[in-house]
Amino acid sequence: MLNKKNPKKQEKIKPQKFKKNKKFSLRNIKILGIRSGLDMPFLILVLLLVTIGLVMMFSASYPNAFYLHKGDSFFFIRNQAIFAIVGLVLMLFVSKLNYQSLKILHLPILITSFVLLLLVLAMPPINGVRRWIQLGPIGFQPSEITKFAIILSFATLIDKNFEKMGTFKYGILPFLIIFLPSAALLALEPHISCTVIVILLAAIMLFIGGIKLRWFAYVLAPMLGFLGYLVLFTNKLTYANSRIAGWLNPFDSASGVDTWQTRQGLYAIGSGGIFGLGLGNSRQKYLYIPEPQNDFIFAVVCEELGFIGAVIILILFATLIWRGIVISIRAKDRFGTLLGLGLTMQVGMQMILNIAVVTNTIPNTGISLPFFSYGGTSLLMLLVQMGIILSISRGSNIEKT
Amino acid sequence: MVRGSTIRMRKRIFLMAIIIIFVFFSILIIRLINLQIINARYLFKMANSQQLASTKLTAKRGIIYDRNMVPLAQSATAWDAVLEPNYIKNDETREIISQGLSEILDIPKEEILEASKKKSSYKIIKKKIDSNLKDKIIDFKAKNNITSGIRLIENYKRYYPMGNLASNILGFTGDDGQGLLGLESKYEKVLKGEDGKLVSAKNAIGTDMPYDYEHMIPPKDGDSLVLTIDSNIQKIAERCLKQAVTKNDARNGGFAIAMDPQTGEILALAVYPSFDPNNPFELCDEDKKILENTPNEEKTKKKSELLSAIWDNTVVNSLYYPGSVFKMIVAAMGLELGLVNENSNFNCSGGIKISDRIIRCHKRSGHGPLNFEEALCKSCNSAFISLGQKIGAEKFFDFYNAFGFHEKTGIDLPGETKDVFFENMQPIDLAVASIGQNFGIPPISMATAACAIANGGNLVTPHIVKEIKDKDGKTIKSFSTKIRRSVISSETAKRVSDMMAQNTISGGAKNAYVPGFRIAGKTGTSEKKEKLLVPGQKDYMSSYCGFAPVEDPKILILIGIDTPKGGQYYGSVVAAPSGGLFFSEVLLYMGIKPQYNEEESKKYGIEVPNLIGKKTSEAKINIINLGLQPVIIGKGEEVLSQVPSAGSLIAQNGTVVIYTENNSENDSENNKVKVPNFIGMKKSDAIKIAESAGLNISVSGSSNEEDRIKTQSPSGSEYVPKGTTVNVVVHNDNLRD
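Protein chains in written order, with the numbering used here: chain A, 1 to 401; chain B, 1001 to 1737.
Hint data in this document are derived by calculation from the structure and do not stem from the laboratory.
Be careful, since some hints might not be right.
[As the list claims (entries may be wrong)] Derived lysine to any residue pairs resembling SDA-like cross-links, with alpha carbons at most 20 Å apart:
no.	chain 1	residue 1	chain 2	residue 2
1	B	K1554	B	N1610
2	A	K212	B	P1273
3	B	K1011	A	P290
4	A	K164	B	P1676
5	A	K70	B	S1148
6	B	K1011	A	W215
7	A	K160	A	L92
8	B	K1288	B	P1273
9	A	K70	B	T1147
10	A	K212	B	R1008
11	A	K212	B	R1010
12	B	K1045	A	F275
13	B	K1045	A	G210
14	A	K70	B	D1091
15	B	K1011	A	L213
16	B	K1011	A	F162
17	B	K1119	A	F275
18	B	K1011	A	V326
19	B	K1011	A	W322
All figures in this text were calculated on a predicted structure; none of them were measured in a lab.
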């Protein structure tokens, strides 16, 4: 109500508050200090998920590490743990920074995203897809940057154009200019799952940003139609098509579709039963599930911790999302709300899609599970993004515990 | 208060949050319930079936012992050479392994190479290799530093330590250790035990998971059989049978069954030719020649024919025509019915007319007037045919049934066959049946019926397994004597026995006479009706059935010699001497003391005293005083051992060898002598020659001084220690049955 009636007044107040905070934070860099204003429930949830994620990643990865990396069972966990520690330090550091300064960075980050997306197409394909850019020992997926770039630029632009979000010129066009090439480049890699996430993220942010609901029909319908057309009627995405065939019939290997991964994942989940086989006791991780430390790590979690363990982890994720939403709603400015929601939604979306894939609820597509799946740079990115949410929480009008 | 969000934003945010948290999470949780609770069992089973590999742990097969616990069949540890292709890391190793195993196991290299490329964790390359080859493989692995890819899995190999001995009873086992013939097959369930298994978790490439999941079901070893067979009696029976078969050129071999007539226990069951159960698929040399002359396309068929012929246990699985041996049964019928007594008069004119056929007696001129005992001793066909007529078809068949000829004896050997008898007996059938012709019975059935005469009229169930013991030697089950029924009175039985004993002294069974023992016997010759060597020519089955001692029979033997072509074919000449030889050895072995009459006692019955521990000089005088010849080996002061042992009865001027020095010397060639060839000699000459050779001689068979020795054991030119007793049989070739 205040916003609508007196938007200018509000904007005047904000910088003052912010300055105060900045000074405060620069003087006392206390890592976990309650007085630093961090949202403790969110921080604890992140720490819990990182810890559980590392333990499960270690459990899931060690057979593969043992067999494929010359008996070095710690091959994966060592990398991941280093990135986790660096990531947590970065997260706390970022949480002390003023997230509003990201507004200025939105354009450079967006340009970086486009450059990298173009660059990745020039990379040699791995398993027929071009998703990775390798810089020495560290590899990363530009799509991680793209997701962040979309969230950031959307949040910036929605905040800027907030009053005119109902119009095409301000509410739709700028977003389409950012979004369409991004999605197209991702689809070219091809990286269908990431494209879907980007589409969903863009839609959610625009939806919250207040565009007219009919635009969803105008924009999304033809896009979904095109995607459907690619999958169902062309040979270009036969690889995606066969995944759908395998999805419908994971136990029928006669169809010529390789459903090995899905099938092995389902065996693992089922084997866990209600109470699980116990931590470290998965059998399916012994080379049955290909790369159990990656996308299918949740299958190993289900096998070892059972239905109860799986539900507890789902609840942790749900709580994290809820807390992220609460932080965002209570953010001190609209940009914070939008940015926080975008980042929270990205985690939520990825987690839901990943588990849906592992449980064969949707066709198999490569989506990693936040906090759990192996991948140093993406864990780093994730924790930096969590840091941003924590930074937003510092200014949020919520009770700090 | 609220700065970052407008009301519309909050509305939309809440809508979204509700969708995500409630709808999506609910879908995921429902999905997990479906997978982890509803379908958990199925998925777990599917996962298990790919994760678990089980290895069979073979149970150790039970041992087959003879009655004195001498093992006849036992299982020794052997190893299966197993290839584990999944554990072989690269092509280079594959090459080394294939080359090495090919050399050690004598298998084409390509075969192993191909197997090593299969996606499998278990591929048997060769079964049941012995410890020698196993050690070679272990050496090879060590030398080439191969730690995985080849495994040796414990298995068992069946060994028959006595070789051919009793092979037709024992049978043999197949590749998987399963019994295929004889007792091995009949008692498969008892002997086999229960295989165990080792279930272990395997990862997706088929190697072991470093995960503690191993579940072992230990194998349960098989139980052992203790047979009624006495391997020593079996040896004697096989030797006597072989001698008769070779001597008489019996084209279809022969059989010998020795039973304890009181209990029905089979003491020996010999079939010739036999096979080596250690190599049951190998033909004997003679058969190999036959196979070589067979056209190629029929070789496989011929080989299996020849093999099944030697595997056959003819005593149980085939029919035989008892011929005159059956007359003991007919005599028992006559006496039991009171139709005849020993002194009843018969008259033989050389044949008897039945309907429009004349059945001849073997003595064409006829035996003339003779009493019943003489009729049995001379095996007069005319007399027995007329006795048969008196008995009548109905009563004859009743007795035939009572003696158990028309049913299976119930012996615990596989494949017992049943008799082939006249369906509706006509007078001519009755006539030929009375002399044991034209009907077939399995030999075991004849032996069992003869046991009834020997034991006082009881029809027993012949059996070959005495006890079943578990692996710790505890008896689980014992098989006692089963008397099926009483067939004839003990008095009748005794009267028939006495007549048969007389037959050994003065009749057709004379060639089976052993001095010092009363042996009841009956010989028989039957014309074969089927499987003739040359159609149109006559083939015979010659047999002898006897038991001793008559007063309290301890052993009964039935010997059959099939198709003798050595010139003689009467049972009295072909089979009876074998019986004599058998009894002369086996009765002493069984510890049955000979009862010599005064004259015989002087000749044969000198008991060897115990000399062990005595001074050498003292022992020497002792022996000389008994009318025996001492042979002293070594220079010791004291007697350490002696041959024959104390208590043995030997003939006048027999040799007693006294050993005075350490045993190792005793077996040296110097102390062995070559057995002279006694064949063709008169008894008196043989005794002299044996004396001078330092051997003892035991003479059985005909007591006629002019008759010649035709059978001896050990055979001429064998080397035996001094003092050994050589058994010889004097044949009377003119005897008829």
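**Study point:** Hinted pair K212 (chain A) and R1010 (chain B), Cα distance within 20 Å
**Key:** 16 Å, holds
Practice item. Mind checking the alpha carbons of K70 (chain A) and T1147 (chain B) for me, to see if they're no more than 20 Å apart? Key: 16 Å, holds
Practice item. Take a quick look at whether K1045 (chain B) and F275 (chain A) sit within 20 Å of each other, Cα to Cα. Key: Holds. K1045 (chain B) to F275 (chain A) sits at ~16 Å (cutoff 20 Å).
**Study point:** Restraint status (C-alpha distance of K70 (chain A) to D1091 (chain B) at most 20 Å)
**Key:** 19 Å, holds
Practice item. Starting from K1011 (chain B), check that the Cα of L213 (chain A) is at most 20 Å away, please. Key: 14 Å, holds
Exercise for review: Take the C-alpha atoms of K1288 (chain B) and P1273 (chain B), compute the straight-line distance between them, and say whether it is at most 20 Å.
Suggested key: 14 Å, holds
Practice item. For the pair supplied as a hint, K1011 (chain B) and W215 (chain A), confirm whether the alpha-carbon distance does not exceed 20 Å. Key: At roughly 18 Å apart (the allowed maximum being 20 Å), W215 (chain A) and K1011 (chain B) satisfy the hint.
Exercise for review: Below or equal to 20 Å on CA atoms is what counts here, so check K212 (chain A) against P1273 (chain B).
Suggested key: Violated, at roughly 105 Å.
Exercise for review: Sort out whether F275 (chain A) lies within 20 Å of K1119 (chain B), counting only the CA atoms.
Suggested key: Judged against 20 Å, a Cα distance of about 34 Å means the pair is violated.
Practice item. Assess, step by step, whether the Cα of K160 (chain A) is no farther than 20 Å from the Cα of L92 (chain A), and give holds or violated. Key: The hint is violated at about 28 Å.
Check your understanding: Is the Cα-Cα distance between K1011 (chain B) and W322 (chain A) 20 Å or less?
Key -> 15 Å, holds
**Study point:** Proposed proximity, P290 (chain A) with K1011 (chain B) (alpha carbon, max 20 Å)
**Key:** 43 Å, violated
Of the numbered hints given earlier, the model fails hints 1, 2, 3, 4, 7, 13 and 17; all others are met.
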